[in-house]
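Participant: Model the full assembly from the supplied sequences, consistent with the hints where possible.
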Amino acid sequence: DGGITQSPKYLFRKEGQNVTLSCEQNLNHDAMYWYRQDPGQGLRLIYYSQIVNDFQKGDIAEGYSVSREKKESFPLTVTSAQKNPTAFYLCASSIPPSGRSSYNEQFFGPGTRLTVL
Amino acid sequence: DAKTTQPTSMDCAEGRAANLPCNHSTISGNEYVYWYRQIHSQGPQYIIHGLKNNETNEMASLIITEDRKSSTLILPHATLRDTAVYYCIVRVGMSRNYGQNFVFGPGTRLSVLP
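The listed protein sequences derive, respectively, from chains A and B. The first sequence begins at 1 in this note's numbering and counts up by one. The second sequence begins at 1001 in this note's numbering and counts up by one.
No lab work stands behind these hints, which were simulated from the structure alone. Ideal Cβ positions, reconstructed from N, Cα and C, are used throughout, including at glycine. Hints are supplied without guarantee of correctness; some may be wrong.
To be verified - Quick list of in silico lysine to any residue cross-link-like pairs, SDA-like style, CA-CA up to 25 Å:
1. A:K70 / A:G16
2. B:K1003 / A:F88
3. A:K71 / B:Y1046
4. A:K9 / A:E105
5. A:K83 / A:K71
6. A:K83 / A:Q37
7. A:K71 / A:T5
8. A:K71 / B:Q1042
9. A:K14 / B:S1041
10. A:K57 / B:K1003
11. A:K9 / A:T77
12. A:K14 / A:Q50
13. B:K1003 / B:G1029
14. A:K71 / A:P39
15. A:K83 / B:G1105
16. B:K1003 / A:A31
17. A:K57 / B:Q1042
18. A:K9 / B:R1081
19. A:K57 / A:A81
20. B:K1069 / A:E105
Stated by the list, open to error - Coverage of chain B stretches by chain A, computed from C-beta distances (three or more under 8 Å per stretch; other residues unrestricted):
21. 1038-1050
22. 1102-1113
Said to hold, decoys possible - Label-pair ranges, simulated between beta-carbon atoms:
23. B:E1014 / A:V52: 44 to 54 Å
24. A:R13 / B:G1015: 36 to 46 Å
25. A:Q41 / B:T1026: 31 to 41 Å
26. A:T79 / B:H1040: 22 to 32 Å
27. A:K9 / B:M1059: 24 to 34 Å
28. A:A61 / B:L1113: 39 to 49 Å
29. B:A1013 / A:S67: 41 to 51 Å
30. A:S7 / B:H1040: 15 to 25 Å
31. B:H1040 / A:N28: 22 to 32 Å
32. A:R13 / B:G1029: 44 to 54 Å
Facilitator: Next up, the structure:
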């Protein structure tokens, strides 16, 4: 079945360590996104990528890094520079809006809950 | 993108219609209204979107006022599985920088009660 997968579902990390969160999609979508969600809050955009080998910072990119070497994959690295990394991380993908359509639905993965010990 | 305001929480009896309001008084002419929902600890799920006409799909109906400054998401027969946080988002439909344009606020926490 087509969809977005994120792994692992739960991740624990010691303070000061870098950790990489996986995001894979087989929907043939060009665009991919990473969001962070804190308890009781909405989603905040970390990074996004509109096409392979290109990515842009979102609202809260500091302390994070990404790569987009393949269309299907958009891994997020939470570095030790991220001051408060404990959060729920969501990956999404979408088709860019076409000339006739405004439709830009984002499909979300199940998320990874990162806890820094 | 225009900001939206939604009530923090709402209750609805099972089997009744759930009407979730959203104010977007600064919406511009080329911005669409999107609704997503997020069930606890899962990724958000797209529900519906519209520009100025009312829209309906298998999940919900979207009613947009004539001045487009507010909208209402209607779940016609709410079930316990509809308990979730519902997000109202306005964004430009066609943009080269579409990746920046989904801004999720805190949403409305809908509780469907038996």
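Participant: Need the list of violated hint numbers for this structure, in ascending order.
Facilitator: Going through the list in order, the structure violates hints 1, 5, 12, 14, 25 and respects the others.
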